[in-house]
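Residue numbers (the numbering used here), protein chains in the order written: chain L, 1 to 816; chain Z, 1001 to 1134.
It cannot be assumed that every hint is accurate.
[Claimed, not checked] If the Cβ cut is set under 7 Å, some of the chain L residues that face chain Z in the computed set are: (1) Gln368; (2) His371; (3) Ile372; (4) Leu394; (5) Ala418; (6) Glu421; (7) Glu424; (8) Tyr427; (9) Asn428; (10) Pro771; (11) Ala774.
[To be verified] Dumping the calculated SDA-like pairs for lysine to any residue here, alpha-carbon to alpha-carbon at most 20 Å: (12) Lys1099/Z / Pro174/L; (13) Lys1038/Z / Thr417/L; (14) Lys1002/Z / Gly301/L; (15) Lys34/L / Pro357/L; (16) Lys1003/Z / Ser379/L; (17) Lys1002/Z / Asp482/L; (18) Lys429/L / Asp1025/Z; (19) Lys230/L / Arg39/L; (20) Lys1003/Z / Pro420/L; (21) Lys429/L / Gly1024/Z; (22) Lys367/L / Lys429/L; (23) Lys674/L / Gly718/L; (24) Lys411/L / Lys1003/Z; (25) Lys229/L / Thr127/L; (26) Lys1041/Z / Phe425/L.
FYI, nobody ran anything at the bench for these hints, they're computed from the structure.
By construction, the Cβ of each residue, glycine as well, lies at the ideal position given by its N, Cα and C atoms.
So you can see what is in the structure, the chains are spelled out below.
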Amino acid sequence: MNYIGEHLLPGQLGHFFIVLALVSALVATISYFKATNNRDLSDEGSWKKLGRVAFSINAFSILSVFILLVYIMATHKFEYYYAWNHTSRDMNPEYLLAAFWEGQEGSFLLWSFWYVVIGLYIIARKTKWEAPIMSVIAIAQICLATMVLGLYIGETMIGSNPFLLVREKFADAPVFARADYLSLPQMQDGQGLNQLLQNYWMVIHPPVLFLGFAASIIPFAYAIAGLWKKDYGTWTREALPYSLFAAGILGLGIMMGAAWAYESLTFGGYWAWDPVENASLVPWLILVAGVHTQVIFNATGHSLRTTYLFFLLSFIMVVFSTFLTRSGVLGDSSVHSFTDLGMNTQLLLFLLIFTIPSLALYLVRYKQIPHIAREEETSSREFWMFIGSLVLFLSAMVITWQNSFNPIYNKITGQSTAAPEDVEFSYNKIQIFVAIVIGLLTAFAQYLKYKKTGQGWLKKFVVPTVITAAICVIYFLVSGLDYDKKGIGFQIAIYLAFVAGVYALVANAIYIWSGLNGKLKAAGGSITHVGFALSLVGILISASNRKVLSFNTTGINLKWDERSKEKPLENLTLIKGVPTDMGDYMATFVNADSTNANGNISFYRIDMMRKDSAENFTLYPNLIRNTKGMEGFSNNPDSKHYWNRDIFSYITYAADMDNRDDTAQFKRYTVNVKDTVYYSNGFFTLNNVVPNPNNKKYQFQPTDTALMADITVFSKEGTRFTAQPVFYVEGNEARYIVDTVFAQNIAIAFSRVLENQKIELQVKESNRMVPFIALKVYEFPHINLLWAGIIIMTMGFGVSMVYRRKQGRLKAINKI
Amino acid sequence: MKKTHIIILIFIAVAIAVLISFMGDLTTYDTVASARQKEGKFVHLIAKLDKSQPVEYDPITNPNYMRFVAVDTLGNSTPVIYHNAKPTDFEKSERLVLKGSMKDGTFECDEMLMKCPSKYKEDVEANKNNLSSN
């Protein structure tokens, strides 16, 4: 059939470039392999040349695929499944890239794109390690190209092609029997992007994270190169800037994800020990351990074997995390996991291709890797750095075990083990001790000297120790750390970790001046440590002292069930227009408004006013209806940022979520003054009928004809409310104003004046008429310390990188 | 033996101890019947909402209390009390993972995970339906 209006050329070109990328990566791998193994210099040169050409073709192909896919998405070519499934016409173009990496195919392409950048950079650097490093990168490019290949061999699908057409994806759907199917309304627009992903963090977090993932292949490839060429110890100086770069970027990428989670998700924080978060944290921990052992080796000749192991494992764990998050084995336990594309075998092969040969090579060559038999002095810097690296590594191993034991064990044995009762605590109770040890080691190790530290180093500690003690004592007196839910033992551990964090912060900051004479260019390590320590302190304060502000202590009479006493009653009901007591604030739900084109986002305006200072601000937590991938509502929080704390709020329930009709009817009562009328939750009394009321609520003139019924409502719980419905005449027409007692769900109308001083009141009871929301509000104190710490840490990595690169060059020149 | 080795051994011992204690903390996925047998013990109950029974939730009276009946695949059912706000579109959920414990014939739920018809997994199928039905 000839379909009308399809644009097939970009897709055909795109798929051609995918195949070309695969073939050229194969050629590049073979050429660079030959170049690495060849002993004849001229042969090596020509293989290398061929490798470069092949890799350039690969680079060109991947870039073309990238551009073509962006073009298809940007120009709304909805005949393509990727555009149809991930974008829509009303989507803000800024989020096009977020949509690009929403799907697995796009994120694989992103990853491959970074290998192109890294590969071209390595080639341009003309290092003698080019051939073995590029062999490794080219193999990775083969693996990634197969992930987007989309070819069937028999029944087995290899990769998922991003240029698939909708009619190929759903070949059996009846609409494709028509040649003009593109003119049908369901093909005029795409499915769009999940609203929670329409966030600037989602535009920049994945590229940074994937750059970190991709960059971790460089130290891995250097390690492989060293083993392969049996040239064990000469690459470490040259590779140090790269491993610093990888560690810095990966750390930044992870924490950008944390910032997104904090802004967009409602688990009430930035880190939830989610399996996907853990899977990306593990390679970072190992990489940081590797950076430290690498520095030890460069300075002393110790720890080369561990450096190899750490660099090999950090990239293997990157691939393992890819397997975990994309294969669907995590199943229900994570918010992040991708749709299972049925590529599990392929992902497993990707993992094995990088795991088995590299570890086998490591074991075979292990004995040959030079090491110093003499032991490190206990007073030496390298000894304690090594201990620190070991702790980081074990911490990573423990997290890996906790993270992947259940899904893998259940998959293999068919058992039904599940996560511990308190998942976060099962991690926290272990990692808090890692934090203590790492904090202390970070504080003092720099004051030691390599090889051996002489007498008198303790003296240098006097100032940092005194300052740390002062800060801690003041902080504990003024604020303290309030987290006592897990018992006194854990609280003490938190206090210790706080002291260790502050110590690391102070000692490293002072070291920049006392040890390095303020030479900031050389102080990359100390700056990084300061940033890390600051983050640690920020995490401890904001997580332990996180406060729920929305405790339900309202004047509105809520019926508590006895059993709920111990439970967190963290949802405060706010009735529209009624200022409600919320700790230090009065909170008022003002209105709900929808501002986006679709009308599927409702913003709830909450006015917050401090009781003591009348300072006020407005929060707009919002609800997103039927965003992609989520039935019903997703709640999107809003925060007010202060320099020393954040007020974080989100809506847990809104009355208009259930669009049920209000079916309650008004009931009529004829009453006299002092008469009483009963309703389901109490009664009310007509006190008086006031002619032409002039008060806060109504301003009638003496010339008007108006009557106000002054009513007191008594609820069963004993509280009183006032209701003042009005009956008036305007232009010969009788009108009335209903008054509503929101807290009791009743509306009272003064509908008629009868004989004998009687009046008619109409009463409606309904739980639908009151616009209200249930709100959750947290206060995160000093969360900015965490973000500032991450920024400083990343800058520290950058300073180190520049410094080490220069140092490496100088060393190379000195040798000549 | 070098002191590094001793320290490594100590660390490994600590790591193993930590992992053993982690294994002790692991819980299980259960049905109503098996959760009843483990009264008071924390379990993950896999069930779904019994839509023939009312869901009690009146946020004006108490936004932190809801009660409903859950039924598992074997057909056993139990009342469930959840001291929190009603999750959005609770009635549309197809599957519930309820974390909590059985007490006096009622399941006290601390936390719940909902599986809706078009969560990520079934995303593609749902989109396909959109294609045919619009």
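Checklist entry - Among all the numbered hints in the text so far, which are the ones the structure does not match? => result Going through the list in order, the structure violates hints 1, 2, 3, 7, 8, 9, 10, 12, 17, 20, 22, 24 and respects the others.
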